[in-house]
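If you count the sequence shown from 1, position 188 lands on 188 in the working numbering, and the numbers rise without skipping.
It is worth saying that the hints were derived from the structure and are not from the lab.
Bear in mind the structure is a predicted one, so any value in this text is a computation, not a measurement.
The beta-carbon is built from N, C-alpha and C at its ideal position, and this holds for glycine as well.
Heads up, none of these hints are tricks.
Listed next, with one range per pair, are the computed distances between beta-carbon atoms: (1) 22 / 291: 32 to 42 Å; (2) 171 / 148: 31 to 41 Å; (3) 285 / 163: 11 to 21 Å; (4) 138 / 278: 47 to 57 Å; (5) 163 / 68: 39 to 49 Å; (6) 163 / 289: 16 to 26 Å; (7) 122 / 162: 21 to 31 Å; (8) 291 / 107: 40 to 50 Å.
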Amino acid sequence: MPRYRILHKTVHQYETQVASSHHSAMLQPRDTPYQECVDFRLLVRPRPSNIRQRVDPFGNHITQFSLQSAHARLEVLATSLVVVRPRINPSGKPTPPWEQVAASARIPAGPEALEAAQFAYPSTHVPVLRELEAFARESAKPGRPWLETLADLNDRVHRHVAFSPGETHVGTPVEQVFIRRKGVCQDLAHLMLACLRSLGLPARYMSGYIRTRPPDGKPRLVGIDASHAWVAAFCPGHGWTEFDPTNNLLPERDHITIAHGRDYSDVSPLLGVLVGGGEHTVTVGVDVHLEPDPA
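Throw the hints in and build the complete structure from the sequences for me.
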């Protein structure tokens, strides 16, 4: 089974001194049926005056820390070791019509379906819009199986939005992404979620990493990997299946999950409240390294 060593470094450089600050970091990969975080360490410079761990309502790990001394630079380094197993996707298995899945979200039966139903409704970055419903219904033909519907929508979102860093920001509305047809993985994930929820289908935002592979004959560069976003959708009897519209695939072993939520606002890697600081710059570097199997 693949073992990934992940280094995620974030540096905030402030224009003026920060008198004090309070931060919340969501950088520890969660345990799931297909992955296990066997080691996690968080190094913060300057050294925090206090630090504590908690788990949010979705089961994500959060580290909260405070800095009470003046500082002009904050450095957060998260190091994780994660074992990833192949995801079990329902490919080749019959799934119910998508309308039946949507109906089950309205009247959930059982604790798993009840937990999933909360992801069928609008959220901060995922509105339900008529134009997105119309786009989604081009894939959601009457009586079409759930998996076939979502695979087709995944492909169409991938083709509709060109991956274009710098064209959007965290707060760019999903309707603008749909019109401009440019964005990054976060935008494609939000767009697909908005399409699915417009049909009443439960789907959640997935935050994590993806391992990049160098071209044949080229060395692998350190620090070029990145945080990634994709979606997971729920079908009764099949559980959660993940879809990556940025890469037009169903994740298997190269996706490492940190957290999930209704949208990006639930899973931001690092948040903070500052006293002072003025303008600041943020530098992020991620390295996802495949480790050799232990002897």
